[in-house]
Amino acid sequence: MTAVVSQRLKPSGFRISKRVLPYVLSLPALLVCIGILIPFLTSVVYSFQRYRLSQPWARQFNWGDNYISFFTDPKFWNTLKISLLYAGTTVVLELLLGLAIALLLQKRSTLNNFISIMLLMPLMTAPALAALMWKLMTNPGFGVLSYLASLIGLQDFRWASSPSTALFTVVLVDIWVYTPFIMILLLAGLRSLPTQPFEAAALDGVPRSFVFFRITLPMLTPYILTATLFRLLDSIQQFDIIYAMTQGGPGDTLTVFQVEAYLNFFQSTNVGRSAALMIILWAITYFLSNIFIKNWLRLRERARGQA
Amino acid sequence: MEHTSLLERILRGAALTLVVIFFMFPIVWIFMMSFQTNETILRIPPQLIFEPTLANYTALITGKLMTAAGTLDIAFMRNLWNSVFLSVTSVAVSLLLGVPAAYAFARHKFRGSEDIAFTLLSFKFAPALLVLLPLTLYFQKLGLANTYIGLIWVYQLICLPLILWIVRGYFEDIPADIEYAYRIGGHSWFATFRKIALPLAGPGIAAAGLLAFIFAWNNFVFALVLASADKQPVTVGALAFITSSGIQYGQISAAIVLSITPTLALALYAQRYLVEGLSLGAVKG
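Residue numbers (the numbering used here), protein chains in the order written: chain B, 1 to 307; chain R, 1001 to 1285.
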């Protein structure tokens, strides 16, 4: 594409190309993605229809019915509750743990750098495969974690296959995969902080808890915000870990938005409900991503300034 | 930085040890399981010492899996090849489309440029199934269902925003004066792009490409919805493994090890750029 464009523009020279060039360069990328906008609009249309793949003849617009029925639909409230609970728990725990690990590794040393690189490995493991790894380890027959649980007195701990511990198990896998993400961002943030305030505080003998809450934490806030929002956006849409681990089960214990939409589409073939669920999730993520992008841009400007 | 007591150093050491154990144990354990036979895996309590065997890997490579019910033909190597092919091609297409666009966004503030850049970014944050579910119906009509081309097209949603925003940052870091001086010397914009901008942004482009590869490789939901068995990458293929009954656990573990090794190796190789890439250029490592 670029080669063709350049041949055409070369002889025509400096002035024409200067105006048209940026459009020509960015158009192919945009066109490829525009194709994606069509299914997005289709989803909006579907969400206003009564549409079941099993009854294509009964397909018709029912306007807001899919959305209105959500109000009285306990399954929808369960989906909303589980999604928020999952996102909230994972993000808070990962933030606390990630911050703690980043503080432990803050000092630049060979060992600390080596550990921080090693900790990236879970993050680079495909979440779906990570779920399978944990599934093998929590297998009731031979799983090493089931064995360890029995050692500390949990004789019949059934991990993801029991409704009471399923959420705990997938949250654990999420923490295993994504804590390193928060850790590495906050570690980079910590190491980029100016040293003068800390030296001054040390000179004055300021207590370390005061240094942490009044200097470190406020200066780290932009990094914390960006990392948290990034994770929140991802976590509220979690599909891979939950689907690979339990396919939303047992029962409807873990039917978060995307899992519920997937099951609605492929199992109960209720396209209309599935689309309406996705539109609601999209509205939530759109709201979150607007806040995120503002923070992210501010941090990006700062990073550019350092370069 | 400051004086630390012996007690504090011990506590720090203990905390770090726990952290390393928690995050490394699953990988080490699965790695060990992949060298064991079913008999040693099923032993209670779990054994740390065993006689390693390569049987699981040979079974995967030959595609003949021993199960309780006899041998089963599973083309896991096919999944592995699909992963390689889909990821490499998607990243190549993404670089071809994304690098010129990133250059345009970095160098020319044209009308609507920020809007277009943000539109492309927003695809990264939208729920995947919102687009994928209607897309399955379209793909069936268009004949793109279960084709590499269809998959590579939707994989652009993963790779393009990443490449666009990371590479754009690298182009912005090149002083415009360098390019201007070269242009004054009578060279076309394309020569400037090729001889000046591309080499200077080279490391960034390579890093963005590697990251995009990792994300494409690790993707699960796109292929789960759009591909059937012969086009599925390892992430989806391995799931089919665990649900089909009677497959030996060592073989599942070996499949997982083969599936995660490429991304782990690449991540170690590219770790210098990971922070910047994961934050889409917002944090420098």
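Keep in mind the hints are simulated off the structure, nothing from the lab. Among the hints, erroneous ones may be present.
[To be verified] Derived lysine-lysine pairs resembling DSS-like cross-links, with alpha carbons at most 30 Å apart:
1. K294(B) <-> K1284(R)
2. K1231(R) <-> K1124(R)
3. K1124(R) <-> K81(B)
4. K1195(R) <-> K1064(R)
5. K294(B) <-> K1124(R)
6. K1124(R) <-> K1284(R)
7. K107(B) <-> K1284(R)
8. K1109(R) <-> K1231(R)
Quick rundown of the hints versus the structure:
For the hint pairing K294(B) with K1284(R), the CA-to-CA distance comes to about 18 Å; that is within 30 Å, so the pair holds. Between K1231(R) and K1124(R) the alpha-carbon distance is near 24 Å, which keeps this suggested pair within the 30 Å criterion. Only pairs whose Cα atoms come within 30 Å are accepted, and K1124(R) paired with K81(B) is accepted, the gap being roughly 24 Å. For the suggested pair K1195(R) and K1064(R), the alpha carbons sit about 51 Å apart, so the restraint of at most 30 Å is broken.
Restraint check for K294(B) and K1124(R): the C-alpha separation of about 16 Å stays at or below 30 Å, so the hint holds. About 20 Å separates the Cα atoms of K1124(R) and K1284(R), which keeps this hinted pair within 30 Å; it holds. The suggested pairing of K107(B) with K1284(R) holds, with an alpha-carbon distance near 17 Å, which does not exceed 30 Å. For the hint linking K1109(R) to K1231(R), the alpha-carbon distance of about 41 Å lies beyond 30 Å, and the restraint is violated.
Of the numbered hints stated above, those contradicted by the structure are hints 4 and 8, listed in ascending order.
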